[in-house]
Amino acid sequence: MRVGVVTFPGSLDDADARRAVRIGGHEAVALWHGDADLHGVDAVVLPGGFSYGDYLRCGAISRFAPVMSQVIEAAGKGMPVLGICNGFQVLCESHLLPGALIRNDHRKFVCRDQRLRVENARTAWTHTYDEGAEITIVLKNGEGGFVADAATLERIEGEGQVVVRYLGNPNGSMNDIAGITNAAGNVVGLMPHPEHSVEALTGSGTDGLGFFASLAERTLA
Amino acid sequence: MPRVVVAVMPKPEILDPQGKAVHGALPRLGFTGVSDVRQGKRFELQVDGEVTDAVLAEVHQMAEKLLSNPVIEDYSVHVEDA
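In order, the protein sequences belong to chains A and B. Mapping of the first sequence onto my numbering: residues 1 to 221, in sequence order. Mapping of the second sequence onto my numbering: residues 1001 to 1082, in sequence order.
One or more of the hints may lead you astray.
Stated by the list, open to error - Estimated spans, in silico, between C-beta atoms of each pair:
(1) A:E27 / B:R1003: 28 to 38 angstroms
(2) B:E1050 / A:G168: 49 to 59 angstroms
(3) A:S204 / B:G1049: 36 to 46 angstroms
(4) B:E1064 / A:E27: 31 to 41 angstroms
(5) A:S69 / B:Q1046: 52 to 62 angstroms
(6) B:Q1061 / A:D35: 20 to 30 angstroms
(7) B:S1076 / A:L201: 48 to 58 angstroms
As the list claims (entries may be wrong) - Mimicking EDC-like on lysine to aspartate or glutamate, the simulated pairs with C-alpha atoms at most 20 angstroms apart in a straight line are:
(8) B:K1011 / A:D149
(9) A:K108 / A:D42
(10) B:K1041 / A:E134
(11) B:K1041 / B:D1053
(12) B:K1065 / B:D1036
(13) B:K1020 / B:D1036
(14) A:K77 / A:D54
(15) B:K1020 / A:E199
(16) A:K77 / A:D113
(17) B:K1020 / B:E1058
(18) B:K1041 / B:E1073
(19) B:K1020 / A:D37
(20) B:K1065 / B:D1081
(21) A:K108 / A:D149
(22) A:K140 / A:E157
(23) A:K140 / A:E73
(24) B:K1041 / B:E1064
(25) B:K1065 / B:E1044
(26) B:K1011 / A:E199
(27) B:K1065 / A:E157
(28) B:K1065 / A:E73
(29) B:K1011 / B:E1080
(30) A:K77 / A:D105
(31) B:K1011 / B:E1073
(32) B:K1065 / A:E199
(33) B:K1011 / B:D1053
(34) B:K1041 / B:E1080
(35) B:K1011 / A:E73
(36) A:K140 / A:E199
(37) B:K1041 / A:E143
Unchecked claim - Facing chain B, according to a computed beta carbon distance under 8 angstroms, are these residues of chain A, among others:
(38) R57
(39) E93
(40) G99
Derived by calculation from the structure, the hints in this document are not laboratory data. Ideal Cβ placement from N, Cα and C applies to all residues, glycine included.
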């Protein structure tokens, strides 16, 4: 599949995301934030970083980048979209995913290998995992606290929209939520960074690879 | 020149780590008697011409669309004379 990776001004992990896409067995296509065209890609990754300097709120200005109008439209039609860290914040600001991300409750930046439990292996991005599987991938953020109002939280728990949950909550996220999906299961956002955990040489393991390999499995299914 | 001010605050039920940090620093500087601090944002919008109801309505749209995130923040709008 052709998987687009958007570069916003201030994106940091776009090159790593493109590399992870290739290791996952796909063709990586670089997409530019100012270009309102998806260049025929089959899926999109919004990478981590500090898009538009994280000014206003993380992801708030990126949400109005020309490329995002196309991403939002395509996501509505079922195109798989994965938002990682800052990308997750962009998806929440875009209302493609519910809730919001606020500063970590302890006010410190977190950078560590994080244990997670896969709660939903039925999304476009998590098919290769076993439901309930415990994985370790990199976590690094300062504003990773997931919040939502009580009704929204009850809905996403009830509908199985929690994709990954922290084992040992690193930032005060409600219900230990590390990542969620939309009702259709094509849009997934998570704070930890699977793209940094795809090669044994440069990471603590390869547990993140499943996010990128899942796309192909879905096509075969 | 009239100025429209949009004040954005974290919702009361949302944790405000920035406010907490400021609140923690006050007693260390000898300022006691403050039981809580919430930190928000202030936007000063310089507008062309009169501040009409239509202008204010548009500022509300700006506040809802971009300046605040209704999931975690509330906002208020008022006019100041510069």
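Here's how the hints hold up against the structure:
1. A:E27 / B:R1003: 28 to 38 angstroms: Given a distance of about 51 angstroms, which is not inside 28 to 38 angstroms, the answer is violated.
2. B:E1050 / A:G168: 49 to 59 angstroms: holds (57 angstroms)
3. A:S204 / B:G1049: 36 to 46 angstroms: violated (59 angstroms)
4. B:E1064 / A:E27: 31 to 41 angstroms: Given range 31 to 41 angstroms: holds, Cβ gap about 39 angstroms.
5. A:S69 / B:Q1046: 52 to 62 angstroms: Taking Cβ atoms as reference, A:S69 and B:Q1046 lie about 28 angstroms apart, which means the hint is violated.
6. B:Q1061 / A:D35: 20 to 30 angstroms: holds (27 angstroms)
7. B:S1076 / A:L201: 48 to 58 angstroms: Taking Cβ atoms as reference, B:S1076 and A:L201 lie about 53 angstroms apart, which means the hint holds.
8. B:K1011 / A:D149: The given pair, whose Cα atoms are some 11 angstroms apart, holds under the 20 angstroms limit.
9. A:K108 / A:D42: violated (37 angstroms)
10. B:K1041 / A:E134: The given pair, whose Cα atoms are some 40 angstroms apart, is violated under the 20 angstroms limit.
11. B:K1041 / B:D1053: With a Cα-Cα distance of about 23 angstroms, the restraint between B:K1041 and B:D1053 is violated, given a limit of 20 angstroms.
12. B:K1065 / B:D1036: violated (29 angstroms)
13. B:K1020 / B:D1036: holds (8 angstroms)
14. A:K77 / A:D54: violated (28 angstroms)
15. B:K1020 / A:E199: violated (39 angstroms)
16. A:K77 / A:D113: violated (35 angstroms)
17. B:K1020 / B:E1058: Given pair B:K1020, B:E1058 is violated - Cα atoms ~33 angstroms apart, limit 20 angstroms.
18. B:K1041 / B:E1073: holds (10 angstroms)
19. B:K1020 / A:D37: Not OK: B:K1020 and A:D37 at ~43 angstroms, beyond 20 angstroms, violated.
20. B:K1065 / B:D1081: Not OK: B:K1065 and B:D1081 at ~25 angstroms, beyond 20 angstroms, violated.
21. A:K108 / A:D149: violated (24 angstroms)
22. A:K140 / A:E157: violated (25 angstroms)
23. A:K140 / A:E73: violated (29 angstroms)
24. B:K1041 / B:E1064: holds (14 angstroms)
25. B:K1065 / B:E1044: Satisfied, since the Cα-Cα distance of roughly 16 angstroms is no more than 20 angstroms.
26. B:K1011 / A:E199: Between B:K1011 and A:E199 the Cα gap is close to 42 angstroms, so the pair fails against 20 angstroms, i.e. violated.
27. B:K1065 / A:E157: violated (27 angstroms)
28. B:K1065 / A:E73: Holds, because 18 angstroms separates the two Cα atoms, which is no more than 20 angstroms.
29. B:K1011 / B:E1080: violated (24 angstroms)
30. A:K77 / A:D105: Violated - the C-alpha atoms of A:D105 and A:K77 are around 36 angstroms apart, more than 20 angstroms.
31. B:K1011 / B:E1073: The given pair, whose Cα atoms are some 5 angstroms apart, holds under the 20 angstroms limit.
32. B:K1065 / A:E199: The given pair, whose Cα atoms are some 40 angstroms apart, is violated under the 20 angstroms limit.
33. B:K1011 / B:D1053: The given pair, whose Cα atoms are some 26 angstroms apart, is violated under the 20 angstroms limit.
34. B:K1041 / B:E1080: Cα-Cα ~16 angstroms, so holds.
35. B:K1011 / A:E73: violated (30 angstroms)
36. A:K140 / A:E199: holds (18 angstroms)
37. B:K1041 / A:E143: holds (17 angstroms)
38. R57: The hint holds - A:R57 has a Cβ within 8 angstroms of chain B, the shortest such distance being about 6 angstroms.
39. E93: Result: holds, 7 angstroms to nearest chain B Cβ.
40. G99: Given a least distance of 6 angstroms, the restraint on A:G99 holds.
Comparing the model with each numbered hint stated earlier shows that hints 1, 3, 5, 9, 10, 11, 12, 14, 15, 16, 17, 19, 20, 21, 22, 23, 26, 27, 29, 30, 32, 33, 35 do not hold.
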